[in-house]
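> Protein chains in written order, with the working numbering: chain A, 67 to 398; chain B, 140 to 482.
None of the hints are false.
If you only want the chain A side, here are some residues facing chain B, beta carbon under 8 Å, derived: (1) R301; (2) H314; (3) P393.
Okay, the calculated bits of chain B under chain A, using three or more residues with CB under 8 Å as the criterion: (4) 237-243; (5) 254-262.
Hint data in this document are derived by calculation from the structure and do not stem from the laboratory. Quick caveat, the model's predicted, so the values are computed rather than measured. Ideal Cβ positions, reconstructed from N, Cα and C, are used throughout, including at glycine.
Next come the chains, spelled out residue by residue.
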Amino acid sequence: MIRYIIRRLIWAVALFLTVTLIGFVLFYLIPADPAKFACGRACTPDMVKKVAHYLGTDRPVYVQYGKFLGRIMPVSFHGGFHLKSPNLGRSFVNRQSVDYTIGQAAPETASLVLGGLVIWMLIALPIGILSALRPRSLLDRVSMTGVLVGISTHPVWLGLMASWLIGYKLHITPIAGYANFFHPLFAQPGGPIQWAYHLILPWITFAILFAAVYVRMIRANVMETMNEDYVRTARAKGAPEARVMRVHILRNALLPVVTMLGMDVGLALGGAIFTEQVYSINGLGYQTIQALNNYDSPTVLGILVFVCTSVIVMNLLVDLVYAWIDPRIRLS
Amino acid sequence: MPLLEVKDLKTYFSTGDGVVKAVDGVSFSVDKGETLGIVGESGSGKSVTCLTIMGLNARRNTMSMGQALFNGEDLLTASQARLREIRGNDIAMIFQDPMTSLNPVHTVGTQLIEAVTLHRDVPKKEARARALELLKQVGIPRAERRIDDYPHQFSGGMRQRVMIAMALINNPELLIADEPTTALDVTTQAQILALIEKLQADYNSAVIMITHDLGVIAEIADDVVVMYAAEVAEKGPVERIFRSPHHPYTWGLMGSLPRLDTDVDRLAQIQGQPPSLLRPPAGCRFHPRCPYVMDVCRKVDPELAPVGDDRRHLQACHLDEETKEREAARLLGAFSTEASAAP
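Excised from the complex, chain A in its bound form (with noise of 0.2 Å):
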């Protein structure tokens, strides 16, 4: 188990070190110089390259590649080796701390993440277990054409059109705009109840494309684990239906829902890009554009940093979940 973990860690670094390499190397490959878009229009040349040498990018890209490894480290070598805390640097545009931009965007795009999970699987669970006890049924051909308008509606147009029907029109919710948990901000609502209010609708937005492949997946694996021969010694024993359904089936067939749940939610931690540009939520995804934009280097690679690190540590964590909950793994 210990080498596993270690095997895992070794490769989760050199996967981080690809990615964020391959991120440097694009950025620098853009041909528009961040130097003249933080600077302005009005500046000279010179202006230009005395701005270049304060951001740094003047420099070769393996020293600044080697500058932001070295802010990530929590150790330097600066006078003596100690510790220090890691940083991801400031936006070129700016000068604010990446690290406070992310503070502030990752909360909301994890509000929107979490919750459209928690509703996506209110909604595939049930679907998807009952379509697969009744196949050909009319709730089952319902689902699977409703499964099929979820995800081929692209998450843009369904956002606009709830937002303008649900919002605008029959001002139910909010139409866009992020209520504060705790405390609300300048000019802001805040509070729980608010929070939860603004979000209702990017929730469902946000869930609809998830909740429809889920069902697909769920009613699939019931459908299939129904026909184990294992499901068929239960009845032999004479266990009622629903013990069969909650102690032998559901137990196996949604064993790999797990698995997916660990994976899409490290993908869309990165930003629910989409839904945050319709509905203005400052996310991840949202700082995410502006920084490219701005050709905002720091900006993102941090949340490149950030995005890569929770996909990793979200994929073992699953890795240790489903080898804790299938004794066929966990044994072997």
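Following the hints, put chain B in place on chain A, whose structure we already have.
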């Protein structure tokens, strides 16, 4: 009164292509403590017969007719609740593939305990003690430790022993074994059969053994039912079937057995393929493959009739008695030097 009496059992499945008559008029009976062997090719309806008795067929698109009287009670008309009481308790069934018949995410102990607590209101400790007792009886070494192991930690033979333990844990009156040794190697096969025989004696259970292996039948059956294409071709006491078979299909089955005392290049085969149960052949279902086929065979499906005066030995074939005696004798004469051909 026999323990189980099956009368004219029919099971039809409606599929997209039509109605599949998987069991089409099967009758037999099993007495308390005795062993009935049901033998036939794949697709002859042996398994579906027993699944129908247990009520384990899928309920949609399935029609079952006839009677299956267990201690006088008709299982085909019993309620689902009553069937659940009986399953695993009065009638137990074990299946062919032990590798997939146990739930992989629960321990063997949990599944054995489940078998007990589904039918008896006893504290878990007692159920566990009973499970342990059965594991020892079926010959699992170090049962105290193995009871908390998962199925994948057992070999195929061991898993089948666990299945047997699970079936017998509530002292059923009838054990239905659906090809329990087909998926196992020959030495394990012998062990499992010996185990079933021993436990049958200990618990005084009746056994229905479904198999395609005549060797197994010869080993443990008291009575035999030979099934072909969803019907009974021949049935009777085991000595009669082996010493004096009276149906061309049975001759074919016996003839295709490999023998130690003869030297052949090819095993005798029954030519042709088992028929589709969607559109079975008219008349006798075996007629397309029968070397003795006559005109009447193509038109009329023979009824089961006794062989001579022996009411226990029945066969369904249009051939006259004389020809059958002769062919049976010839077949057996080719086998043994005893030449005990006379019935």
